[in-house]
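**Student:** Full structure from sequences and hints, please.
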Amino acid sequence: MNPLVPPGVYSPQEDTDLLTEALFEEPLPPGADVLDVGTGTGALALAAARRGTRVTAVDVSWRAVCAARLNARMAGLPLRIRRGDLFAPVRGQRFDLILSNPPYVPAPAERARPRGAARAWDAGGDGRLILDRICREAPELLRPGGVLLMIHSALSGPERTLAHLHEEGLRASVTQRHFIPFGPVLRQRAGWLRRQGMLAADDEKEELVIVRAELPV
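Be aware that the sequence shown starts at 1, since it is given in my numbering, and climbs by one per residue.
Quick caveat, the hints were computed from the structure, so don't treat them as lab data. Do not rely on the hints blindly, as some may be mistaken.
DEER-style ranges, computed between Cβ atoms [said to hold, decoys possible]:
no., residue 1, residue 2, range
1, Gly-31, Arg-187, 41 to 49 Å
2, Arg-160, Glu-204, 19 to 27 Å
3, Arg-51, Arg-73, 17 to 25 Å
4, His-166, Glu-207, 17 to 25 Å
5, Pro-30, Glu-110, 46 to 54 Å
6, Pro-216, Arg-91, 20 to 28 Å
Virtual Cβ for every residue (Gly too), placed ideally from N, Cα, C.
**Tutor:** So this is what it looks like as structure tokens:
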């Protein structure tokens, strides 16, 4: 069943599908505690719930929270849905798996403070406005042996993500790389990205990476 996507909420796309596939490959016992941060429509959270896990979903957008609640109700699946800034609603809790498809598209200075639907993709000049916070804050919410699964664009520096996660004590690697045609946001921003040296003149596809990071036992 396709989720309901109200105006202003990120519609599941290729990055959602790729992270869902990575989720299915992750060994999870029934009843594992899963956090989906930046849940949007709740698509990833619902995929995790279908595996018999206990899922908490967080988003800063009221529209996204309402959409996720409605989609969970229509799917007949239990989700614990909270509104708040990134990990703020779940401080002090621990999870076996954290999922995130965060904003990761580099944005010009005039979009430094994204509003509305753009909060789902605009991520500062280097695309790391939210990525760096996740790398810094997620480890304290993982149980020993817990895993962070995250997807983002190669434009926003996977090597920086890995270095940051290693600094936080996690074993991290890029487990998958996928090339997809530019979506609507990247098509509109391609000229600016080329002027910044982030895209070559003949680039027509975006590289997406799946990052897996585990907290040692």
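**Student:** Take the hints in turn and mark each one as holding or not.
**Tutor:** Okay, the hints, checked on the actual structure:
1. Gly-31 - Arg-187: 41 to 49 Å: 43 Å, holds
2. Arg-160 - Glu-204: 19 to 27 Å: 25 Å, holds
3. Arg-51 - Arg-73: 17 to 25 Å: Since the Cβ atoms of Arg-51 and Arg-73 sit about 19 Å apart, the hinted range of 17 to 25 Å holds.
4. His-166 - Glu-207: 17 to 25 Å: Since His-166 and Glu-207 have Cβ atoms about 21 Å apart, the given range 17 to 25 Å holds.
5. Pro-30 - Glu-110: 46 to 54 Å: Once the Cβ atoms are compared, 48 Å apart, the range 46 to 54 Å for Glu-110 and Pro-30 holds.
6. Pro-216 - Arg-91: 20 to 28 Å: 22 Å, holds
This entry satisfies every hint, going by the numbered hints stated previously.
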